[in-house]
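Undergrad: Line by line, the protein sequences give chains D and F.
According to this note's numbering, the first sequence is numbered sequentially starting from 23.
According to this note's numbering, the second sequence is numbered sequentially starting from 249.
The set of hints was computed from the structure by calculation and includes no laboratory data.
None of these values were measured; they are calculated from a predicted model.
Positions of the beta carbon are idealized from the N, C-alpha and C atoms, including for glycine.
Misleading hints may appear alongside valid ones.
Now the in silico label distances, taken between C-beta atoms and shown as ranges [stated by the list, open to error]:
#, chain 1, residue 1, chain 2, residue 2, range
1, D, Glu307, F, Pro287, 40 to 46 angstroms
2, F, Thr323, D, Arg270, 54 to 60 angstroms
3, F, Ser357, D, Tyr198, 54 to 60 angstroms
4, F, Lys419, D, Lys35, 30 to 36 angstroms
5, F, Asp367, D, Ile251, 21 to 27 angstroms
6, F, Lys263, D, Lys35, 53 to 59 angstroms
7, F, Lys419, D, Ala42, 57 to 63 angstroms
8, D, Glu307, F, Leu550, 34 to 40 angstroms
9, D, Met321, F, Tyr362, 50 to 56 angstroms
10, F, Ser357, D, Gly363, 36 to 42 angstroms
11, F, Lys263, D, Leu247, 29 to 35 angstroms
12, D, Lys35, F, Ser357, 14 to 20 angstroms
13, D, Lys35, F, Tyr362, 37 to 43 angstroms
For lysine to any residue, the following SDA-like pairs were computed, each having C-alpha atoms within a straight-line distance of at most 20 angstroms [what the hints assert, rightly or not]:
#, chain 1, residue 1, chain 2, residue 2
14, F, Lys475, F, Lys512
15, D, Lys149, D, Glu121
16, F, Lys400, D, Thr238
17, F, Lys322, D, Ser289
18, D, Lys225, F, Glu363
19, F, Lys400, D, Glu233
20, D, Lys35, F, Glu363
21, D, Lys242, F, Arg325
22, D, Lys41, F, Thr342
23, F, Lys334, D, Lys149
24, F, Lys400, F, Glu363
Pulled a few chain D residues facing chain F out of the computed Cβ check, cut under 7 angstroms [as the list claims (entries may be wrong)]:
#, residue
25, Tyr104
26, Asn106
27, Gly230
28, Thr231
29, Asn236
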Amino acid sequence: MRTIRFLLQKEFKQIFRNKALLPLLFVLPIVQLIILPLAADYEIKNISVAIVDHDHSMYSQQLISKIGSSGYFKLAGYETSYANADKLIENDKADLILEIPTGFEKNLVRENQQQVFIAVNAINGVKASLGSAYLNNILMDYNSDLRLQWIRPERYNPAPVIEITSSNWFNPFMNYKFFMVPGILAVLITMIGSYMCALNIVKEKEVGTIEQINVTPIRKIHFILGKLIPFWLIGIFVFTFGLFVIARFIYGIIPLGNILLLYGFLSIYLIALLGFGLLISTYSETQQQAMSIAFFFVMIFMLMSGLFTSIDSMPEWAKTIARCNPVTYFIDVMRMIVLKGSGFKDIRTHFIIITLFAAGINGWAVLNYKKTN
Amino acid sequence: MDSVTLNNISKTYNKKKVLAVDNVSFSVGKGELFGLIGPDGAGKTSIFRMLTTLLLPDEGTASVDGLDIVKDYKTIRSRVGYMPGKFSLYQDLTVEENLNFFATIFDTSIEENYELIKDIYVQIEPFKTRRAGKLSGGMKQKLALCCALIHKPTVLFLDEPTTGVDAVSRKEFWEMLKRLKQQNITILVSTPYMDEATLCDRIALIQSGKILSIDTPEKIVEAYPGKLYAVKSEKMHQLLKDLQAFEFTGSCFAFGEHVHLSFKDDEKDHQPELLNYLEEHGHKHIELQQITPTIEDCFIKLLKS
């Protein structure tokens, strides 16, 4: 215990003297938590729509003003021919074209149905798919308005219709920040844990100090603990700061679930991550190597964690990768506890899996550490 | 009792492709200042790393302070002091913090063994709040020696302690070692500088992982077969070429401002013949005299035989 105390003292002195690392440890999470959620906004507004109205009727006017008033669309042009509207797309001035055919009103009244044409600029996939979905919604809405006007209410509706209305649980206003911020915080902790830990250990190798340490009676396990504990504490500190200062005061996120449960999970998660850092350090000789390896994995961890895209919509093989990714479980748990207020029973599987991760990665790292030294 | 013994130690690298240490055996007595002398890549560091339990030998056995380097590595680590060739202290800790750190992990304190390091430490004490990384080369060396001594080791391993240190600091360093010897600490030191060999009690000349000779520096010099001459003239480059072409030349090589020369056989005095030969080849101001060989001469002789 005495040895560990001195090792920790040494370690903290070195960390707090590192003029390049220290700001990174504390400033980076703050800046990223403030900036990143803004970049991860999935709500798309200001979709430019070009309209080609061949009908010039009252109904087509109504439809157009309904689109304009929805708040999502911006009228980029009111063209007389499709070719002209197409030019707007080519010049990147419009994202969507809505073409209303001649006889729109007439057919609608007489034949009770009509088709409109939507062309989408799919270069920005998200914008295109969301834009056309919004537009479809508006058209549907418009459609039902018409039906109310036209069809005399009968006692029994001859054609049964199922109308879907949804309510958003746990995040009633679908505020994307509520689920992005906890996720980004999870990724930040991951980055700090794995990078810093791997770099710190490899630095001893690179500078050669590990030679001097190895001829002393310090046991390997003490040395490893002396390396992991400081970053475990820093991880917890940064997390606390992110959750109780930034998430709370900037985004107004107040965790619903049990805080102790969240910290319990974080503790095990950090052990797994630091083990991962240790593992990287056993395979690399220089800080540059360690950084590159860590970067490679953290990148995959981040993109395959369900932070930006839903894991359920990934192909099977990608789901397998996501399941082998500790970050997936942490983001999941973060969202469950913070937004949903889940209890231990709900995240028991997560706990088991992350404990296995921690044991597995650390076991591998320690074995490899002993072998290479 | 011998402090360090090696029995037929071999070490290979790269899956037995590179032979670094080849069947080396020697022993060092207690309180001896023993020098391992050889050029870069001779296997000095490998031997030191094996003796300090950082590396396992492929073959052979060795003991330090009566303890086996494989079985009792833990006990050895608490008894030996090791100063690697590359500065290996924490550059971002101060002089005092480094010393304190190494004292505490050996379960001792600076005060407890202050006597041992006093002579050396007083020289760096004025800089004790300076970070180790900001010290000059000679200062770093002194600090590293203090850190290697702070737990009062019985055997001290110094791997090329004077490489990259200026001439004055080198001299000082060897004086420090002599004082340490009086404390009955066994010291093994490796160096590529032949001129430092005479400062050791005994030396081992090593080349390509093999020991060429082990003895006191005096005896190694005495064992030099035949006579050695130093030759000098105005045209040194031409002189070396002409000497190589001379029919009785055994070996000749440039050594500082002279050419060191030995004849094929020493039964007959070839000096007058040589002088004539050189004058015929247009050399002026020729100096020729017999000299006592240095360790370097012995080393080169051993390499050739």
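Undergrad: Determine for every hint whether it applies to the structure shown.
TA: Hint-by-hint comparison with the structure:
Separation of Glu307 of chain D from Pro287 of chain F is about 26 angstroms and departs from the stated range, judged on CB atoms against 40 to 46 angstroms. Evaluation of the 54 to 60 angstroms hint for Thr323 of chain F and Arg270 of chain D yields a pass: the beta carbon distance comes to about 55 angstroms. For the hinted restraint 54 to 60 angstroms between Ser357 of chain F and Tyr198 of chain D, the CB-CB distance of approximately 59 angstroms keeps it satisfied. Roughly 35 angstroms separates the CB atoms of Lys419 of chain F and Lys35 of chain D, a value that falls within the hinted 30 to 36 angstroms.
Evaluation of the 21 to 27 angstroms hint for Asp367 of chain F and Ile251 of chain D yields a failure: the beta carbon distance comes to about 38 angstroms. In this structure, Lys263 of chain F and Lys35 of chain D break the distance hint of 53 to 59 angstroms, their C-beta atoms being roughly 41 angstroms apart. A hinted range of 57 to 63 angstroms is violated for the C-beta pair Lys419 of chain F and Ala42 of chain D, which are about 39 angstroms apart. At about 36 angstroms, the CB distance of Glu307 of chain D to Leu550 of chain F agrees with the hint of 34 to 40 angstroms.
Separated by about 53 angstroms at the C-beta atoms, Met321 of chain D and Tyr362 of chain F satisfy the suggested range of 50 to 56 angstroms. With their beta carbons about 54 angstroms apart, Ser357 of chain F and Gly363 of chain D fall outside the hinted range of 36 to 42 angstroms. In this structure, Lys263 of chain F and Leu247 of chain D meet the distance hint of 29 to 35 angstroms, their C-beta atoms being roughly 34 angstroms apart. Checked against the hint of 14 to 20 angstroms, the C-beta distance between Lys35 of chain D and Ser357 of chain F comes to roughly 18 angstroms, which is consistent with it.
Distance hint check: the CB atoms of Lys35 of chain D and Tyr362 of chain F are about 23 angstroms apart, inconsistent with the given range 37 to 43 angstroms. Between the alpha carbons of Lys475 of chain F and Lys512 of chain F the distance comes to roughly 10 angstroms, so the proposed pair stays at or under 20 angstroms and holds. Between Lys149 of chain D and Glu121 of chain D the CA atoms are separated by roughly 19 angstroms; this keeps the pair inside 20 angstroms, and the hint holds. Restraint check: the Cα-Cα separation between Lys400 of chain F and Thr238 of chain D comes to about 13 angstroms, which is no more than 20 angstroms; the hinted pair holds.
About 33 angstroms separates the Cα atoms of Lys322 of chain F and Ser289 of chain D, which puts this hinted pair outside 20 angstroms; it is violated. Distance hint between Lys225 of chain D and Glu363 of chain F is unfulfilled; the C-alpha atoms sit about 33 angstroms from each other, more than 20 angstroms. Distance check on the hinted pair: Lys400 of chain F and Glu233 of chain D sit about 19 angstroms apart at the alpha-carbon level, within 20 angstroms; holds. A distance of roughly 28 angstroms separates the Cα atoms of Lys35 of chain D and Glu363 of chain F; the hinted pair therefore is violated under the 20 angstroms criterion.
For the hint linking Lys242 of chain D to Arg325 of chain F, the alpha-carbon distance of about 13 angstroms falls within 20 angstroms, and the restraint holds. Among the hinted pairs, Lys41 of chain D with Thr342 of chain F is consistent with the structure: their alpha-carbon atoms are about 16 angstroms apart, no more than 20 angstroms. Annotation: proposed proximity of Lys334 of chain F to Lys149 of chain D is violated, straight-line Cα distance about 58 angstroms (limit 20 angstroms). Proximity of Lys400 of chain F to Glu363 of chain F is assessed by CA-CA distance (about 10 angstroms); at most 20 angstroms being required, the pair is judged to hold.
Given the 7 angstroms rule on beta carbons, the hint for Tyr104 of chain D is violated: about 69 angstroms separates it from the nearest Cβ of chain F. Proximity of Asn106 of chain D to chain F is violated relative to the hint, the smallest CB-CB distance being about 68 angstroms (cut-off 7 angstroms). For the restraint placing Gly230 of chain D at the interface with chain F, the shortest Cβ-Cβ distance is roughly 4 angstroms, inside the 7 angstroms limit, so the hint holds. Checking Thr231 of chain D against chain F: minimum C-beta separation of about 5 angstroms stays under 7 angstroms; hint holds.
A hinted interface residue such as Asn236 of chain D counts as satisfied when its beta carbon comes closer than 7 angstroms to some beta carbon of chain F; here the least separation is about 6 angstroms, so the hint holds.
Checked against the numbered hints given earlier, this structure breaks hints 1, 5, 6, 7, 10, 13, 17, 18, 20, 23, 25, 26; the rest are met.
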